[in-house]
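K.L.:
Chain by chain, the residues:
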Amino acid sequence: MPVSSFNFYRAYSVARKEVMHVLRDPFTLVLALGLPVMLVTFFGYAIDYEVKNITLAVSDRDGGPAARRLKELFSSSGYFRLVETGPGGPVGMLDSGRAAAALFIKPDFSKTIQGGGAVETQFVLDGSDNAKAGAVIGYLPGIQRAGQARLAGREIREPFSFETRFLYNPELNSRWFTVPGLAAVIIGLLAILLTALTVAREWENGSMELLLSTPVRPLEIMAGKLAPYGVLVLAGVFFVYLVSRLVFGVPFAGSHFLYLAACLLYVTASLSQGLFISVVTRQQQVAMQLGIISGLLPSLLLSGFIFPVESMPPFFRYFTMLLPPRWFMAAARGITLKGADLGELAVPFLALGLLSAGMLLLALKKFKTDLE
Amino acid sequence: MNHAPALEVKGLSIKFGDFTAVDEVSFTVRRGEIFGFLGANGAGKTTTIRILCGLLTPTSGSALVGGLGFEDGGLGIKTIVGYMSQKFTLYNDLTVGENLDFAAGLRKLDPAYAKKRRKELFELIGFHKPLSSRVSQLPGGIKQELALAAAMLHDPEIIFLDEPTSGVAPASRARFWELIRRITGLGKTVIVTTHYMDEAEQCGRIALMRTGRLIALGSPEELKKSAFPGPMAEIDLEGSDPKAFIPGLQKAAGLLELSPHGMRWHAAFSGKAAMDAALSALPAGATSAVIKPSLEDVFIRLVEGVRGGWAARRQAASR
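Line by line, the protein sequences are chains A and B.
For the first sequence, this note's numbering assigns the number 21 to the initial residue and increments by one for each residue that follows.
For the second sequence, this note's numbering assigns the number 2 to the initial residue and increments by one for each residue that follows.
Excised from the complex, chain B in its bound form (with noise of 0.2 Å):
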């Protein structure tokens, strides 16, 4: 194959009607990388994948995926790239061997080359069960691994995977980005959105998409630096009235963030001599730690980008 970056996207909007859903978002990737999307839900993350796809044109800006164009429809793209959708695209009414009978016609593979593919797949992803299950009767991790197979059984150079492992068990979800670590290990590029904090932390790097604009964007370590300069204390109130504490807080100079967690709170500062002067106040009882910034408070400071907005990010969290 050539040595094109995986994905380089200049620019790319696409509008359906008067709605932006993706607006003009720029990014690289490498080869070998593992690439998330970060967002809430209508932030982009699946039409900017369905466009790189081939599954949508887009209205403006470029993309070359694998160093293809659209020129030709998006067909070029759909034979190098393999895509996993939210939705769960296998046939349950059809067996395991059916499914992936399917996918590799639909792809004119050679039954022999199908054949071998699907062995090395079953290999990768430790599927033992007999090709004649009838998928409808696989539990769902092994259902979403399965999945996965027929998407690469093409030997597909660039996967995408959008929220793969929504609806699927911890355990197995864990599973399952061993497998994607594996993958990368193989040299394929791997794209994936996802709504989970605990994943977005395994990417090598993330994008954070907020109403079609790429917000953010470096491994998960800079994005921390960058919403963060300074330190963030975790403050445990127990059991005293926040309504006596936390608004003489929100109004503390050098706070860039407050956000509750549970019963707890975090609050992030300008510089340590800021947080030391707003900690001093804490009541009798309290305690508070300095801790280091998870995604989700990078997630909470960027994407929803409002100073103690945390109706928002119940909302969001409800949903």
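Excised from the complex, chain A in its bound form (with noise of 0.2 Å):
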């Protein structure tokens, strides 16, 4: 008997026979064109991390015009609305969460200021939301420096101060930072989740027993059943590119080429994993709660998407080199913002090739063991 290797034929029936599983089960094609749909709102539009309209208590104990000008500078920035301090005073107003900030204004504010001194002003800060905390500080040296002229009525010099400019998202839009890695979640989530659910339900189903009653192999079945979910996935990654471009206009700074070899890597490591998930667990519930826990947390949490890596604890840090979601988000952002090139990121490139070859072996020579 003619012992035939890889056949292309028998990889692509059982292809064509996945594609037909998906187009029946509304609850693979709700996932996968819901799944992107959702992210992409959720993470578009909902989720802004510039903070605004940040209630301010002022005490103004002063009444000049230079305080009143202050205020002026508070209201005009954009980022904060004045309210009126009621009794207990501003503190008590931020005890009771009616104000987010406060600012105190001293008796002889437009007194010293007018005649050339230096006064201190205080500005406390509600700081049990450390995220929103962190971005009103990012406010006042702003409205210091833009009010410091207005102010005195002439130019200071400072003895030196810094000019700060953006690079690669120069106005901190937040959206260019998330939509982006959206890819990773996307892909993360998706792959893992469907492609957990493939090998079980043929256990589950008995189905397996005739798939390895014929001459296919192992590897035919794992590429006919990665091939359709790879496909899925890059439409559900081509879907978000769209959305980032044409309505949250984001920039593509670097190589389509190049972010598509980074898409391709990170959904082989993904599918596969979701492929060990199914081969170990043969249950399609089991496959799934792994499959959801081992796609979503990760890419979400651990993957620099929300929260930079660097300022993790160590163990973190080193841990998610482990992760293939890591490196696709550093080369997805490298990429899409910076314009950055292979060579610049030849680290995430090889981590990544690295990571999916590594999982595709895991995976079919647990395949293979189990079912010979």
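Please keep in mind that the hints were generated in silico from the structure rather than gathered at the bench.
If you're wondering where the values come from, they're calculated on a predicted model, not measured in any experiment.
Where is the CB? At the ideal position from N, CA and C, for every residue including glycine.
You can trust all of the hints, since none of them are fake.
Example chain A residues on the side facing chain B (calculated, C-beta under 8 Å, incomplete):
{"no.": "1", "residue": "33"}
{"no.": "2", "residue": "230"}
{"no.": "3", "residue": "232"}
{"no.": "4", "residue": "233"}
With the hints as a guide, bring the two chains together.
P.N.:
Next comes the structure, spelled out in structure tokens:
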């Protein structure tokens, strides 16, 4: 009997059958089409790291022209909304949550400034929400710089000052930062979840016996199962790409080819991870739970998508090196925002390549030994 | 095709860790036979079949399937056998046509040939519904026949059926066995496992298995003769207390086997004289008749292997 190795026709037969399953299964379709839409809407519109409309309670014990101008500076900045101070003073307002920040202007504020002197003004901030507090503190230097000249009525020469310019994302637009990273979450979750179910479903149905009783090779089954889901996931990524470019106006500075290469590597790693889960568990329900956990948590929390990897505790910083989404995130942001080339992204690409090759081999090996 | 026997199995064993699932099994199956495996759950029937389909590699011993061995990892065997497993192997969410196309694709059948085979098989099983019927909407018996068609698409020489009629309505079971006879009529060999005694009666030869071992092999008639050389009586106590008579009968000389069958008892003896002596003590009103032992009696005697072991049998029946 001739023993041919990998046969494309058999792999194609498996792939064609998988496509039929997807077309017939509302859950898979909803997941594949709905998840990218949902995530883009969620992260594109609802989540905005820019903090606006900060309620500011002012205790003005001066009432002079300079104090008035200072208040105008805050309200005209676009970030703050001045609120009337009720009984209990600004601190009471902070306590009760009616204000997020408070400004205390000393009695002789205007007089001192007009006399050319320096005066301290106290700014109190609700620190219980540190993300918000961090953003608010970021606004203060700008207001201070803008205010100094206007309040003193003349140019003030500081010994030195920082002139900050943000490269790649000049306006620090949080969508520019978030939306390119969404591909990492979508690939991670979708690819793992979709493939995690496929092999387990065959075992549960008993149809695995049919596959095994034919001359089909494990590698052919695997290729036939990965290809359709790979296409489905890449379609999701393409959708996110279109929305981020057309709706959110996110720039794409780098090479599309490089971005596709990064996507393919990460997709391979994620699909293999899903397949591995499926082969090991053999049960759809367990596979699904493991798929969600291992697909969502790393890509959402440990990839740098929301929380910077650099500020993680040392253990997690090293741990993330084992996670494909972390490297994909670095590559994706580098390509889209910075226009980085392969030379600059050598480390993420190398890591991604190694991890996806490793994951693929692991899944294949487990699959083969399981079937034989 | 070659003219080697369908199966030539010698000292076949398979171990999973410390557990010996199949233990030194030897038998030969001729071409065109209906060969049945009978045994309780876990007796090793399915494992034996899975080895012979090339799904498992034996630990020791040899097996030639249609003259082919395991040198290529069972790939050659897979091309000449058809296998229908215990579980329903078609995809419920796909149509009949899609399922058969998939089976054909896995075996790299030429589309024109697959179409021709599909027509032949539909004729054979009497399937007249459209190809676009969703499998989930077909009745259980028809599904099973379709699964058989999918397993036979590549025109295999030898067809393995693992409990093909479990969970199928009695009328469909009879139809399925009619189908098996038609298949062997085409010169194919059918190897089948079953729980049902009436199905086992329809096999040309039966292999009885217990805990991985082959304990008896022969036609139903041969098995009955070897298990019960003497006569068998069916005793109906007609309402009198079994406790008054049965314990005495159990001790009777020449009793080979005593087991309850519903309200009646089957008692096998070594000879006619022993039977007459034992039955002379029957209580008033009770009746007895000489019967031909059924395969069920053989199964009880050989597989459960305990004299009067109806507790074990009841357990098996409740499974």
